[in-house]
Structure formats: C-alpha cells, structure tokens
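Chains as they are written, first to last, in the UniProt record's numbering: chain Z, 1 to 86; chain F, 1 to 921.
Watch out, some of these pointers could steer you wrong.
Which stretches of chain F does chain Z cover? Using the computed rule of at least three CB atoms under 8 Å from a CB of chain Z, they are [unchecked claim]: (1) 43-54; (2) 252-263; (3) 436-444.
Straight line, CA to CA, 20 Å or less: simulated SDA-like cross-link-like pairs of lysine to any residue [stated by the list, open to error]: (4) F:K402 with F:K692; (5) Z:K62 with F:A170; (6) Z:K62 with Z:L36; (7) Z:K62 with F:K692; (8) Z:K62 with Z:G21; (9) Z:K62 with F:N76; (10) F:K692 with F:P675; (11) Z:K62 with F:P675.
Ranges of calculated distance between the beta carbons of each label pair, as one might list FRET restraints [claimed, not checked]: (12) F:E195 with Z:A54: 15 to 25 Å; (13) Z:L60 with F:G243: 43 to 53 Å; (14) F:A491 with Z:R47: 55 to 65 Å; (15) Z:L71 with F:D168: 17 to 27 Å; (16) F:G35 with Z:L60: 17 to 27 Å; (17) F:R186 with Z:L60: 16 to 26 Å.
Keep in mind the hints are simulated off the structure, nothing from the lab. Yeah, the Cβ is synthetic: ideal placement off N, Cα and C, and Gly gets one too.
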Amino acid sequence: MTKTTGGPPPSPSRYEIRLRGRLDPRWTAWFDGMTLTTADDGTTALRGPVTDQAALHGLLQKVRDLGLPLLSVTPLDAEHPRTVTT
Amino acid sequence: MVVTAPLLTTKLHVPRRRRGLVARPRLSERLDRGGDVALTLVSAPAGFGKTTLLTEWLATADRRSTAWLSLDDRDNDPNTFWTYLIAALQTAVPGVAAGAFALLREPHASLDEVLATLVNELDAAPDDLVVVLDDYHAIATPEIHERMAFLVEHLPPHVHLVIATRADPALPVARWRGRGELVEVRADELRFTAEEAAAYLNEAMGLALTAEHSAALEARTEGWIAALQLAALSMQGRDDPAGFIAGFAGDDRYIVDYLAEEVLQRQPDDVQHFLLRTSILNRLTGPLCDAVVGRDGGRPMLAGLERANLFLVPLDDRRSWYRYHHLFADVLHARLLAEQPDRVSELHRRASGWHAEHGEPSEAIRHALAGGDAERAADLVERAMPSARQNRHDTTLRHWFKQLPEHVLRNRPVLRAGYAGAILVHGELDGVEEHLRDAERWLDSVAPADAAPPDTTPAATGAEDPALVRAVRSQVAVYRAAQARITGDLAGTMTHAQRLLNFADPHDHLVRGSAAGLLGLAHWSSGELTAAYRWWSDSRAQLEWAGHHSDTLGVSLALADIRIAQGRLGDAMATYQDGLAVAARHGSHTLRGAADMHVGLSELCRERNELETAREHLAASTQLGEHAGLPQNRHRWRVAMARLREAEGDLDGAVELLDEAERCFVSDMFPDVRPIAALRARVWLAQGQLGKAFDWTRQGGLDPADDLSYLREFEHVTLARALLAEHATSGDRTPLQQATGLLDRLLAAARDGGRAGTVIELLVLRALAHQHQGDVPGALGALERALQLAEPEGYVRIFVDEGPPLAALLQACARQGAAPGYVRRLVSAGAPAGGGIPAPRGPVEPLSARELEVLRLLATDLDGPGIARELFVSLNTLRTHTKNLYAKLGVNSRRAAVRRGEELNLLARPDPRSGRAVADR
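With the rest of the complex left out, here is chain F (with noise of 0.2 Å):
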C-alpha cells in the first residue's frame, strides 16, 4: 500500500536546444568516444556550457535513446535517487528496470538488491543508451557515490553513463583513467577558443564585431561562455561595440558582477523587481511568481524573459516551469540579500505557502527554513512525516529533521517520536533516547500513566486531543521496541511490543502487525514455539489487512519454520500454498516473497521423498527471478539445493553449494535455529570426515554437558550424531555414552517444547545407539514412537538418511508389526539411494530474465545472428549473455547448455497462476 510520491517530470526533461548555437565539433568528437567506455565525466564550473554542450550532443546523434536527469540537492536521499533514475531509464525504454523499481517499494529491499537487479535489467535493455546525470555536484550522499560506483563497474557495455558536474564525484575516478575507462571534457576544453568566441559573437549574436574586439573578449572573458552571453547581452543595441569593450576589458571586477549590473540597467524597473524577488525560487512557474512577487502577470513576465534570453532555461516544452541560469540567479540573490535584507523572509515565506499548497513539502520547508520561521517549518515537517515514511523518503526526513532548531521541538511529541524513527530506521540509535524520553515526558505530563498520582498533573492538561494521546503512545511504544530489538534485549522488545498493543488504535493494522510479529519473534527466539505461532498468525492477519502482502509471506515463513519445527508437515506445506495464493491474488506470482514460498515446498517435498517435484520448485523459483525473492532467499535455495544434492548421493555437490549459502547469507530478524555450518557438519559426517566435524564443534564450543537452549538444538543434535560417528568408527565407549546422555536430555528438552519434528529425529539417533549398545528391544521401541509420530505427515528422508543399519532396524520393526505398509515405502525408498545415478547439478547462481530468453533461443535452431536479431542485440551483447549463462550452468558448449536446461527444466515458462513450472509447448 506504499503511495507513489510524484515525480517532478521537469527532472526527466532533456533541455531544450537554443537558438544560435556554434557548432564545437572537437568536444562532440570527445564525447562519441564515450561509447567505448562506461563513464563519460564533463566536470568544470557553473557557465562552461555543460549542459548546452550535451543537449547539441545529444540532439545531432538521432539514434541514441537517452535518458536525463537533472540533480538538485532533493536527490541526496538515495530512494528519491534511485527512484529518479530509474524513471529517466524509463523515460529512454518505456517499462526498463521495472524490477528494481517495484524493489524500491518494497520496505525490506535493500538498495544493494535494488542495484544488482537494475544491473540485471540493464543488460536486457536495448543497443546504446546513454543516461545522463546533469549537476551532479549537488550529490553529497556517500552511499550513493558507492552505488553509483558500483553502477559504473557493472554497467553492461551498450549502457553509457555521462556525469556532468561542476566538481570531480567522489567516485574512483582516477582508477578508471588509468585504466582509460574513463572519457573527460574539462573546462580548459570546454573554454571558447578565439574563433569559437568570434563565431558565437558574430554568427549567432549578430554582433558584427572585428576580430581585434573579439579576441579581447574572449581574453578578458577567458572563454568562459557564461561571460560571454554577458557580453553579448550587454552590447546588443548598442551604439558603441568599442567603448563598451575597452571599458570591460580594462576592468578587473568579477566578469559577472560587471556584467549582470550592465545587463539589469538596462531592464525596466518591473522587471529588475520580479528578477530580484523571484531569485529565491529554484524553479519558477508563474503563478509561484505571482505568489511571490505579490502582483499578476509572472507567466507573461517569465515568457517575455525567455525571449529576450535573460538567462531563463526552460524545463518543460509546454512552457510552465523555468529555472534562472545557476550563476544569473546567485547574482540576483546576492543583490536581494543586499539591497533588500528586510523583504527576504517574506518572500521565503509566500514561496513555502505557495509550495505547501501545492504538495511539495521539500521545497515549503526550505523556504519556511530559509526565511527563518522555524515554527512554520515543523509544522510542515510535521505534516509531510506520514506520507515520508510511507514513501521510505528515510534520508530526506531526517535530514529534515536535522535541520529543525531544538528549541521547536520542545513540546512537539510527534516530531520527538518521528525524529527517533528516523533516526532508529538507519538502525542507529544516537539521539534516540533523548528525544522518546522527551515524548514520554509530555505524555506523562497530559495523560498520567495509571500509577502517577494525580496531583503531580501539570497544568496544561485536559485539552489534548485523546487521538493525538494514542497516536503518541503508539509511536513510542514501536520506537522502544525497535531501540530494544536493535539492542539485542529480548525482554525490553517484548514488553514494549506488548504495551504497543496495548495503546494503538484497533485499526492501525500496520502498527498492530509489527507489534505482533516482534512478539512472535521474541517468543520463537525463547522456543516457546505455540505462542510464537499464535503471535505470527495474527501478525499476517493484520498486515494482510494494511495490504502489505509481500510482508505476509516473510511471515508465511515464519509460521511455516515453526510448524516444521513442531513436525506438522501438512500444515507448513499449507502455508506455503496460501501463501503462492496471495502472490497469484494480489498483482502477479512475482510478488516478492513468492519464490521463498517455492524453496519452503521444495524443502518438504524432499522431505517426503518427492524428490523430483522438489526440484521443479526450486526451478520455478528460479525462474520468478530474484526480485520475487526475499533477501533471505538466496541462501534458502543454496540450501535446499544442496540437501536436494545429499538426498541423491552427491554429496560433494551439497558441501560447495552450502559453501555458497554461507557465503550469500543475509540475516533476517528470525533465529538461526538451522545454522548453515552445522548442516555442512552433517554432510562431512556422512562423507566420513569426522575430523572436520569434530573441528566445527570444537569452534562452535559445543559440548555434551552443555545446558541446553532451543536455539542451539540443531547443533547439539549435530554434535550427538558426531559423537555416534566416532564410536562406529573407534568401537571406542565414551562417545557413546556421551551421546547416549545428550540424546536423552535433548529429547526431554524437545518433548517438553512441543517439536515433535526433532522428537522424530532423536527418536531414530536414539534408535541406533541404543542398537551401538546392543539392546535390540530398547531400539526397537524408539523406533517404533518414531514410526508412530511421523507417518501421519508423510516423512522419508529422516529415516531413509540413516542407511542400511537403520534400515534392518526398521524391517525388524515391521516383523513386530509396527506400521508395515510405511515401513515397507521407507525401506523401497532407501533402496536406489545407495547406488543411484548421479543427479544432474541445478545451476550454482540463478539466471537473469534475459539469460533464460537466451537459453531457451539456444534450444532452437536459430544461429548466433538470427538469435541476437530476435533479442534486438548485437552478437556482442549475445556473446556476453552466452558466456555468462555456459559459466552459472557450468558447461561449456551450446549442446551442454540445452541439455543442462532441459534437466533443471529451465526451458518451460512459469504458469502466471501457480508460478510453477509448465511445458512451453
């Protein structure tokens, strides 16, 4: 339910061409070789005609797509960046990057993840782009710099990037020279040589000058062209070109001061006036002038302005929005600051009224700030912090906040309490006391908790609005809980949450769902795991209702880990479907979350010995594509392939691929209960190589004395199994008895928590040490509750896992009559586990969308060029996406690459309904 902010399309908008323009085909020349580099870089300072020259550019290369962005100090916060960006991709190749741009939407997307997918997306984009980023000087994010770095080196080779700014970015620009990555203007380039300036005097100025008049000119000017339209503009009807040269030339003023005062005498009054007044504004429209100036007439005004070419740029076509050219406008304002000190805050006022009308908070509290009404401008703050938050503009808020003096945010509860979300967001917690203990001391001071006595009741009590009350207490309430959780303090978390809900408004299903699912993670994280589920269930409950469904299927996860845990098969893979449900609901099966749900029933179905089916699900995640994936899933799916790998005997294969989950983990907000290392500990244990087992455990300073926790239990249940291994190996006692004590406590512990799943699993550990002890009876009667516990949700590889000798046990459990007809499905199921044919291997890192395209094109009997025409590339380009897609299959021939395709079942399209994998044909 995020609202899109709107986007100021004035940004997106490629500047006009002007009339009159000298052709400067040296710099053009220089920019064409930007397209055999991944950064162009025009840097020099305000009026050496960087833009000018890159809209010429641009407008004589008719074939290039382009996209434009003009930067202004807004875009420091990295959504709006980002979200700006990819709009101008879009404004070049309608619909580009809708993956990373649905990603920005989403509350936990990463820009990281953003970034990788916009790569991703890039690369599927038409031959020669080129974006450009216009002052880009205004960017003092460092996150960005790092991003927009990270953009740069990953660029695919038809992307070309220009930055024009008037200072070097703080990017590793001179890594990239000197590899010659890097194509520059700078200014002594972009400087008017003496022919250059006659060409623009005379050719497009109509000055009719000699060449001795221009040649001082360009000298005194030193090519600066924004001197130099000065100059023009100075002399144009003039009587006497000379006098007015040798009088500039032979003067040492700042060229602009000199300049602008000849070119403002020169105005009629009315105009010098709106020109002064209206320097305040960053952009102009003409009823903003009008607001401004206090009389009618700005959009003739602005109009008449353009034609007489007193520096005014336009922004749109249809004429509506200017803005002055950035040095003519810091002359003017310096002029108003002086000559008018006393009129500047009023103006700055009617600007903030005129923008706060007409929604745009940013620039209203600008200008309340800058005419220093402080008030104003945290009313303002105050008004806009919803809709902020909703669009996670994260960065403009606090920087918002930042800039409100502190005396005005005394007695302004919502500002305190939105100041330490802003703050705590970035997961940071300097300040944050400071201002929730401000909010918690007005709310104490109008709505006394119920222990205060009354009489210690302030005086402004009783008008306060019992809505505001509740919204602050909330708000509070949420920012403790997240202060707590950040802080690791499990307790805190919980008793915050539970006050939260407590005081939020019964429709507030936002609030209501995060307060729930912090205590549905505070209980999972203590193993109290009926509680954690009822708290999560209502967590879904209330974010379905807000509308936040990808957040419904984080907690899908959620649920579905804790039935698992609690052995309730049937019931998790229910999850996982209502969960594909509401992806197939609400927009489209990519939905992010959805392709988690797909790795959650691979899980199970391998679980169940379906082992085919688990790996279509692994297929159709892969095939929704990452941006249908939580952060988390990366690693999920490394893991479930690996363990699809145990199950089919390669086990070789399932160590690299948990070497590669370990290696993209993200961590989420739940427990660790399945630690990768530990199951690459199992995998070791199978392979034989106790030693390395023995050394994870010895690093994990694991013990059989340990006192045992739930979040520990896979580990110690891992290290019991090691200690079982070594006495099959050694004959030696200890270990035996060791795991035969550690078997027994955590099976208590896990009883006693209600995860029948691991109950299951220590049945069938204890099983087989009892056997190791020689008392068949004792094995056989665990087995036998095992048996009973797990046939009813269909498990398989729990028992089948353990291999020949627990599968005489199981025929001798059968003999007694215990559950022959599962028993018999388990010992068949074991049967060709042994000596199976070797699985084919899933493809190390998912393909993009455009590497499937070629994939499946590979599987036709079109050629290189016949594909590439069908994908509108170039063979270039197709032979990038080829060899990218031979390495992530790891094969090396296009035969290899279809058969590849054809086992991981990559050449069939996802069914829009289910999202699972259907025929192509």
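Bound-form chain Z, shown alone (with noise of 0.2 Å):
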C-alpha cells in the first residue's frame, strides 16, 4: 500500500492499542487475532503481534469504522515494554 520512508525496518512487532469502552472479547477474530482484555477504568486493550506499519494502520482503521474513541498505541518490546501514548 503505501511506502515508508525511513522508520524502522519492517520486522513483525507487538503493539497494544488502547481504547475507551468495553469490547466484547467477540472482537477477537475481527481484530486479525489481537487478544482483548478489558479493564477495571472502562477501557479495552488490543494486544498481538503486527506485521508491519501498514498492518498497523488497517488496524487502526478498523477502530476508526467502530467509532471507538482511541486512548493509546504502544509498541510492545518483548523484554523491556515501554508506553508511547498518543
């Protein structure tokens, strides 16, 4: 789809996106897999594995066409996890 230019190299990576409202672990297979845990604040985190950054942005997306209003989207590093909030 669209090219990057730049960035990091296009190996798979784990990402959490963060967003408000409950959502039905359902969602599990729509979200190409992600696994979906709710939390006690009312929030939903969507967590797995992610190809590359246009696999990011189809996801993305997916939450746009929902309405669901978004929190976060973290780059999960297997040993040391780091937040980048948005």
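Taking the hints as your guide, dock the two standalone chains into a single complex.
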C-alpha cells in the first residue's frame, strides 16, 4: 500500500492499542487475532503481533470505523515494555 | 476501440430520505454557508449521520443541481475515480464535461489534462452545482488527493464540493481553513443535543419517553445517532423502557455491541442467520443473498429488513440494491467470524462465484482473496486482465497483482507478463525483470528457442496451447521493448520490437502497430529516415485497423516531420490532410490529434509564405479546443505562432512565444530534432543579439569541431549561422572559416541521410559563406542547387528569411538563367517583409469554449445582463469569463476584444466537415 520512507525496519513487532469502552472478546477474530483485555477503568486493550506499519494502520482504521475512541498506541518490546502514549 | 466499463449507477444515486427525521436547522444553515466557498468538509466517525444530514439538506433546497458519488475502495484507481466523478456530474448536468470524459478514454491523455479540461468545462455548467463525495475516507491514493486539491483550488465560483468522510482527507485543509475558504461540520456539531435526542426518540420513533429518560440516553450515547437509533429499536415494543434505559446507562460495554445484541436477540432465527451470512457483502441484492445464504427468499427478506428499519440502506429507487449501515455490518461480520469461523471461506467462495458470473471481477477477486482461495483469485485476475487493460484500469490491475501471493504466480506466465506490464505502465521498473524472467523460463520450458538443444526440454511440454505460447511470447516482447525504452536502450528496443513482429499474431493489429512504431522511433532517432518512414507507415496502417484512430494522428505527426526533413513538403501536407480526413471520418472533427494537424499545416503554409492561411490554421486548431490536441500541441502551436510572427517581422513577439512554448513543453517519444532553445537562438541572431546566441551555444557545449549526429543537426546549423553572423559583424576570418568547415561537413551528412530539407538550408548558408569569402561563382553555384531542390516543393521563407544579402544573390542567379520565374516570386515575397505592417498578435493562451461564446456575444449589441441571460449564467460569472478572455487576448476593452477576435478569426465557428474556420454568417 503505502511506501515507508525511513522509519523502523519492517520486522514483526507487538503492539498494544488502547480504546475507551469495554469491547466483547467476540471481536478477537475481527481484529486479526489480537487478544482483547478489558480493564476496570472501562478501557479495552488490543494486544498482538503486527506485521508492519501498513497492518498497524489497517487495525487503526478498523477502530476508527467502529467509532471507538482511541486512547493510545504502544509498541511492546518483548523484554522491556515501554509506553508511548499518543 | 476502448470499451466502456459498466458503471455502477447505484454509486451515483442520492440516498433516499428516510421517514421520520429530526429537522436540524443549525446544521442546514452551516451547510448553506458552503455556497460561498469551494469546499465543505463533513468529517466525523461512523454513525454520526453525515449522509443523512446531506440528503436532508439537498432535499430541502430544491433549486440546486446535485451530483452525488458514494466512494468505495475500488475508486482508488485514479481512472475509475475520475470516471465516476464525471459520470456523477453528468447525472446533474447532462452532457457536462464531455471533453474530459472523452479524454479519460484516450490512451495518451494524462490525468492532468483531464483535470484542466474538466475545470474549463465546469466553467460552462449552469449556476450552483453541488458535488457531494460521500465516504471519501475510502480513498488512499495520493495522486487522487493531489488532483482533488487542484480541483478545489480551481473550481469555478458556482460549483461547490462537499466531502463527507470519517477521517480528515489528505488535502491542504488547514490552508483553506486559514484563508476562510472552508466550511466544516465536525463530530461535535453532528452530535444530537438533548432536545434533538428527545425529538428523535419521541416524535420520530414514537417512544413517549420522559425528559429524564431521553436525557439519560443522550448522555450514555453522547449524542451518537447510530447508538440512539439502535437504542430506539431495542425499546420499540418493550413494556419497560425505564428498565432498559437503566440497564443500558449502567453498562460500560461498547454501545454498539450492547445494542446490536439487544436488537439481534429479538429477531427470529432465520433473520439472524441471514444477517450474519450476508454481512460479508459490500452491497446486497436478492439473488446474490440467495447464492450466499444458500436458500431462496433474499429479496422479500431485504424488503422486510428495510421495513423493520434494520440498518439497511437502499441504494436505488427500485429496491434492488442495498447495503447495511457500515457500523451494523461490522458488528455482524465480527459476530460471524467469532461464531462460525469455519463457514466464512465457503460464504466468500459463493459470493465470489456470483460476482464472477455477473461481470464484477473486482468483487469476485476480493471475495476469493478474503476466502483464502488465492488460486481462484489468480484465475479471476487472469480472466479480467484484458478488459481492465483496455479500460486503462492500471492501478486496479496493479492492486490485484500485489494482493496475489507469490506462489500462485509461479507457472502462470500470463499473469507474470501482465504483472510486468502493470508496473511498466506506471513508468516503473521495480520487479519487472523478475516477472519477465519467470515468464521467459516458462517459455523456454514449453517451447525452447530454436537454438536450445532438444534434450533440455522438461517433462511438462507438448500439451501447451500454441496460441497461449504465442500470446505470452509477444507479451513478453512488448514489455521487454518497453523496458528497454524506459532505460534508454535504443538497440534493445529495436531487438525486442523486431522479435515481437516475428511472434505476434498477424491479426493483433494493436501489438503490431505498437511494435512498428517502436521500430520507427528507433530508426528516426538514429537518423535513418527512409526506414523510419516505412515503419511508421506500417504502424499507422495497423493502428487504423485496430481502430485506434487518435493514435494514427500521432503517427501522422511523425510521418510529416520525417517528410519535412526529407524536403518533401507536398507529401507532408498530404499527410496532415489525410489526418484531418481520418478525424472527419471517425466520430468528429474534434478527434484528439485533429488540432495538431492544423498546426502542422500552418507551419507548411508559413514556409510557402501563405501567411494568412497559416494563421487560419492556427485559429482552427484553437477553435477545436484543447481536447482535440495531443499533449504536445500546446508547445507546437506556440512554436508555429512564433515562427509566423518572425516571418511578419515581430521578433520580440516570437521570442516571447518561444519562451512560453518552452514552459509548456511536453515531451513525447519523438526525438527532439528542432529544440525550442535553438529556434530562439536563431531569432536572437535575427535581432543582432549575438551575445545571447553564443551564450546558448556555450551552454549546449556546441563546437564547430563536434562529431555530427542527426539529433543535434539543427543545433549545429544554428551554430554555423551564429558564426556567419559573427563574421558579418566583426569582419574576423576565423568564425567564417569555422562556419565553412562545419557547413561542408553538415552538408555531406545531410546528403548521406537523404535530408533534402536540411540540404536546401545548408546550401543557402553555404552560398552566403562563399559570398563573404568573395567567391561569387561558388555562391551562385550553391544557390542554384538549392533552387533546384526547393522549387518543386514551393519553399519560400527558407530564402526570404535571409533578407537583402541573399536577395541580391538570387537576382544574380536569375540573370544567369536559373529558375527566373521562381526567383521573381521569391524576391517579390521578400520585398514587403522588411517594412511590413505589424501583424496582429494571437492569443497567448487558447480561449475556452465558453470564453469563445462570450467573445462572440460581445460582438453583438447585447449588453452585459443580456449576454448573461443568453448564456444562463450570473453577471458575476460573466465578469469572470470576460476578465479571463481580455487577459488572454491582451486587451482591456470590449471593443478591443472584438477587434482582436476578428483579426484572429475567432468570431467564426469551426466547419464540422473540414475543421477549418468558416464565416459565421
């Protein structure tokens, strides 16, 4: 789809996408197999592997199309998780 | 012979107004303000009622003409996008933008030209046209955004664009906002207020809720209309709305999940099944649903769902096509994936089959891929390829190819070659080599080349269809030749084009015509004019048989250019006239390329000193309009006009026009054998500006001792002229010697190459050089040979332009008995040229069709309001046209505009038979 100029190499990595609202686990298949975890504060985290930037944007587009308010997108490093909040 | 792909008219249909809507005057008023600006942006997430707001607004303001286009991801092909956009415009204003629409079907037209034509044609549309692009977020192609930005910037004041989207588009929105040129409606304004929510729930949905209850719903849904609608549906027929509202308000689940669950649970089983299984479809119709669900009754089911208000949006008035509300479709689809994962690929397979049978390859391919059946997708792409290529759906094709996994491409040589072509057509090379090599490997394995030893033939031979082998072979040769051309490899281009002619089906005229054209091009570029002419003639015949008439006009230009170089003006003239006849025979005189024929004729008439006719041809070219010209016609027209002015003594005007020609220069595949910069240097020489001319020779690295080549011949002749001029001013012998040596070498090369046109010019210059050397017999000898070559073809300006020094020599020639009649004509033609009357200057830029109409009405007795009425435009619009046409004609009054129009013969209308200008009355 879109060409990436610069940026990180297109190696698979894991991401966490946090949304406002409690999403039924039924949506797992819809979100390409991401695991869904709901928290007590009424937010939902989608976690899982994302092939490349295009795949990440595809997921965010699905979030947008459901009208779900997006809270944060965080790359998950397997050993040292760090949070980048948008 | 481009076949028009069927358009989905449902995409152009303004969605029906739904019953029971809440009036939202605050938003309608905001949209009305869009009448002052080019763009209105309605940007909010799914389910915020964007489409409903717009249909409601359009329905209540009944005077507006409206074009509507619902976009989807298939519109990411620029060609598809603009085709639909123009089709939408034509539903509002029948016949509008016909020129742009025709251009889209032309193989050589660029989308930039389409856009420029579209803008001009919209100018002529009636006042107040609203163009709605719904679901613009489906567009992700940068080229489309770029051209949309251009369109918004250039929209005539009476055309207004409305973009509805879930995400802000990649357009310079901030800039327009900053300039106050944008009206926006965003999520916060679209949210239902407490009053609107109450009105909707109680009046539209008839729920009779208390103020407290509707406020609770408004708060829980945050005014999100999709959720309010789902909530209302869940409550219909319930005894206990209070209990429902309390449960709903106290729950923090995703609203749509919660409510869809409520709605679905209350549907009978068969309805639930139907909803889930059809959720994979973008668009629904009875028979398609039957095929996917696996049972009859789709049509009544859809009608029932619409009656029950179950988020079904009708796409036409006949109740044949529908779609689910996007949000609801996503919920259904997610449930299907979660609850019946094993079924999904079977459902997609059925949907793919139905669409393939019903001529919708894009959807068929999408479903095959979604169902994980890549082999089937590959089959479908292979089948859809020829027509997609013919319709120039280049981006769609490439998109299909990109989605196919590598393993299905193996052993599919047709797809491999097609993939290479889809990349090359974008002027790119990435991956081409790999695909072509794979196709060639297959060819080697099934039908080894003559040289290959027979024992290397792999097992899978013998059974291949010879027609398939031949088709693949010629495809591969086409793309190898194209690849060589893109990389500038002339020898490679020729080799592959020649191979192509050996393999291609004798009846594949398009392929043969293209191959012959490539060979003509290659020979031309290396100065082999006779061979080039033969190949181009062949190419023209093949293209004519293939029905590509506009392409034959492009080839006519090449043929005439070659004839001119060969000094055969009569043949060149016949070539252009044949071109006009082709245009008249096929469709209309506005066939693309017809305008170019007039420009060519104008140049020939100028050479023969028929200056009035030359001018008429240029006017005729302008009158045919921009869409009747190939992209190169814009600079060719200016060059022709510049040379005409030069002939009339307006040298400054000539330089100005050449500058313009250089700015709008569009390269084609033809060798640039007469560069604009060299033409300008010649005018500088005529002006005595030797310094400028020598700056140019230095920049071009021109030297009298250079090796000569046909491609630089015109520049070297120009250098010789500059050296002669330098000698004439300074009396210095060195430049004269250099010029003489260069001229002798050029003359030998031109004679060898059979370029009599150049030979005549060189003999004229040689005669002048002899004269400077004091060798009068040598001068007369050279001139006499020039006259012999020139007389039968009617050359005049080639002698006359040299002025008095040559006139004296000519008369001396005539006294010796050489062509006395011809010389008399030449001398008398030269006489008035020096002190002639300054000629009227042509328009700098061709007038649009609308501007020509205005100009013709300006020549009548009508006053401003009368002209505006005549043209059905507002006085303001008329003023815009008038201002533009004054600027183009370089005048500042009505009277001056009319006078200039008369001089340029613009007040006449084109005669449809010959395309030439005839008097109006």
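Now for the hints, and whether the structure bears them out:
With 4 residues carrying a beta carbon less than 8 Å from a beta carbon of chain Z, the region 43-54 of chain F meets the three-residue requirement, and the given coverage holds. Residue count for the region 252-263 of chain F with a Cβ under 8 Å from a Cβ of chain Z: 6. That meets the three needed, and the coverage hint holds. Counting residues of the region 436-444 of chain F whose CB lies closer than 8 Å to any CB of chain Z gives 0, which falls below the minimum of 3, so the coverage claim is violated. In summary, the hint linking K402 of chain F to K692 of chain F is not supported, as the alpha carbons are separated by about 53 Å, beyond the 20 Å threshold.
Between K62 of chain Z and A170 of chain F, the direct Cα distance comes to roughly 19 Å. Compliance with the 20 Å bound is thereby established for this hinted pair. Note on K62 of chain Z and L36 of chain Z: the hinted pairing holds, with a Cα-Cα distance of about 14 Å set against a maximum of 20 Å. For the suggested pair K62 of chain Z and K692 of chain F, the alpha carbons sit about 63 Å apart, so the restraint of at most 20 Å is broken. For the proposed pair K62 of chain Z and G21 of chain Z, the alpha carbon gap of about 15 Å is at most 20 Å, so the pair holds.
Annotation: proposed proximity of K62 of chain Z to N76 of chain F holds, straight-line Cα distance about 18 Å (limit 20 Å). Between K692 of chain F and P675 of chain F the alpha-carbon distance is near 16 Å, which keeps this suggested pair within the 20 Å criterion. Straight-line distance between C-alpha atoms of K62 of chain Z and P675 of chain F comes to about 54 Å, which puts the hinted pair past the 20 Å bound. At roughly 44 Å, the beta-carbon separation of E195 of chain F and A54 of chain Z lies outside the given 15 to 25 Å, and the hint is violated.
The hinted window of 43 to 53 Å between L60 of chain Z and G243 of chain F is violated, with their beta carbons roughly 37 Å apart. The hint said 55 to 65 Å for the Cβ distance between A491 of chain F and R47 of chain Z, and at roughly 58 Å that hint holds. Under the hint 17 to 27 Å, the C-beta atoms of L71 of chain Z and D168 of chain F, about 19 Å apart, fit the expected range. Checking the proposed 17 to 27 Å range against G35 of chain F and L60 of chain Z shows it is violated: the Cβ atoms sit about 35 Å from each other.
Between R186 of chain F and L60 of chain Z the CB atoms are about 19 Å apart, so this pair conforms to the stated range of 16 to 26 Å.
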